[in-house]
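Visitor: Go by the hints and put chain P onto chain X.
One-letter residues, chain by chain:
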Amino acid sequence: MASATNEAEPAIAGRGYALPEMLVTTRWVADHLDDPAVRIVESDEDPLLYAAGHIPGAAEVDWTRDLNDPVVRDYLDSGRFADLASRLGITPETTVVFYGDKSNWWACYALWVFRLFGHTRAKIMDGGRLKWTKEGRPMSRETPAFPRTDYPAPVRDDARDRALRDDVVAHLDAGGALIDVRSPEEYSGERLHMPDYPNEGALRGGHIPTAKNVPWARAVNADTGEFKSADALREIYESGAGLSPTDDVIAYCRIGERSSHTWFALKFLLGYERVRNYDGSWTEWGNLVGAPIEK
Amino acid sequence: MDRIPDRLRDLVDAFSAMEDRAERVQELIAWADRFEPVPASVAASPYPEAARVPACESEAFAFAEPLAGGTLRYRFAVENPQGVSAMALAAILDETMSGQPAERVLAVDPGVVYELFGRELSMGKTAGLMGMIQMVRALTRRHAEAAGAKP
Chain X
50 MASATNEAEP AIAGRGYALP EMLVTTRWVA DHLDDPAVRI VESDEDPLLY AAGHIPGAAE
110 VDWTRDLNDP VVRDYLDSGR FADLASRLGI TPETTVVFYG DKSNWWACYA LWVFRLFGHT
170 RAKIMDGGRL KWTKEGRPMS RETPAFPRTD YPAPVRDDAR DRALRDDVVA HLDAGGALID
230 VRSPEEYSGE RLHMPDYPNE GALRGGHIPT AKNVPWARAV NADTGEFKSA DALREIYESG
290 AGLSPTDDVI AYCRIGERSS HTWFALKFLL GYERVRNYDG SWTEWGNLVG APIEK
Chain P
658 MDRIPDRLRD LVDAFSAMED RAERVQELIA WADRFEPVPA SVAASPYPEA ARVPACESEA
718 FAFAEPLAGG TLRYRFAVEN PQGVSAMALA AILDETMSGQ PAERVLAVDP GVVYELFGRE
778 LSMGKTAGLM GMIQMVRALT RRHAEAAGAK P
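Chains X and P, in that order, give the protein sequences.
According to the numbering used here, the first sequence is numbered sequentially starting from 50.
According to the numbering used here, the second sequence is numbered sequentially starting from 658.
Chain X with its partners taken away, still in its complex shape (with noise of 0.2 Å):
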């Protein structure tokens, strides 16, 4: 059995990851349920899913209630986010493992949040609940309650991760990398929202310019929802997408929440050192008065 910290599993090793520690296997999970150290928390899309059925002793977090602040648009403060780690029964030193929905776009964009107040130890199940799932593990209906913990207040560091509309202008003026993970359609300006999704109110689409169109999904694959193999991941942002490890990127979409998955993907399995969330994304931009935009 690998460790609750940095040995990575021999099944996800052999992909070739930058930093294969950052993800388990639903084995993985099914041998640690009962580990002190660990938390398994879900998040998802559709907020009857963990109520419906979860992993037995997982936890949830709420990608709108536990993570964003209730009145402005900004994630919590560390209040907020000490109290919801203790609530969760985390210390810094648990890990937290998270999986979820939609081949854990929202469990990456929760483990984002965590990596916000430096809490680190934290992984994504690879494949998440549809694996778990299609594989006929145990779900259970009870939601847990875990001995509440006196996490510390930590210092919300948004440097590393984060970028907001400055950081973005300055990345533009740097001539910086931008990924735009959205749809082609979402890319190209024919849309201004998701295919099947409602408009979430940008005022102009297309792209900000130089950015180059790589729609989260690709780094997964569809049957199983387990993150490609290195050198796929390689081809598709490298050989595709013209991206180097040396590279200071920029990922957005809409919200944010997808390009955390493909912040993930550059970040841990390729080993990007500089790679950058833009939660403000394209509701933001396409919404900015003056903001460049290339259709």
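Hints listed in this document are in silico derivations from the structure and should not be mistaken for laboratory results.
None of the values given here were measured: they were computed from a predicted structure.
Mixed in with the good hints there might be a few duds.
For the chain P half of the interface with chain X, some residues (derived, Cβ under 8 Å), not all of them [unchecked claim]:
no. : residue
1   : L685
2   : S742
3   : G781
Cβ-Cβ distance ranges computed for the label pairs, FRET-style [what the hints assert, rightly or not]:
no. : chain 1 : residue 1 : chain 2 : residue 2 : range
4   : X       : S127      : P       : P703      : 49 to 55 Å
5   : X       : T169      : P       : P696      : 48 to 54 Å
6   : X       : T295      : P       : Q683      : 47 to 53 Å
7   : X       : D132      : P       : S673      : 24 to 30 Å
If you want the ones that stay clear, here's a sample from chain P, every Cβ over 10 Å from chain X, calculated [unchecked claim]:
no. : residue
8   : I661
9   : D663
10  : E777
11  : G805
Every residue, glycine too, gets a C-beta built ideally from N, C-alpha and C.
Guide: Positioned in the frame of chain X, the structure of chain P alone reads:
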């Protein structure tokens, strides 16, 4: 709101009174558990594309089964086993709108999903759930027009 089917109005009132998210979620899960897929006598897989609910990532399909008296029973298939929200709404629409006069069904605004599911829905989930109501409205309007009645 007064013109929508009584059972749906009662349900909306009940959900509106819920202040606890967990209570709302458990109630919706209970509805999802009551979901009965469309019987093969009405429609069988593979379902026609015309029945596909627009914008629904749970791969829901909607059907109308004629009832005596000229009303309809609303049936659904939800192909994605993780489409719990779609299953919950399918059960709600079947139980509260089947057998209702067309004018009362057509009085239901798709925005009622916010009353049932709350405001913390993602864009995608909202679009899919609203699509189910739009399908029910379209089936009802089509049936009424075919019957020569003004919906």
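Visitor: Hint by hint, where does the structure go against what was stated? Just the numbers, ascending.
Guide: 10
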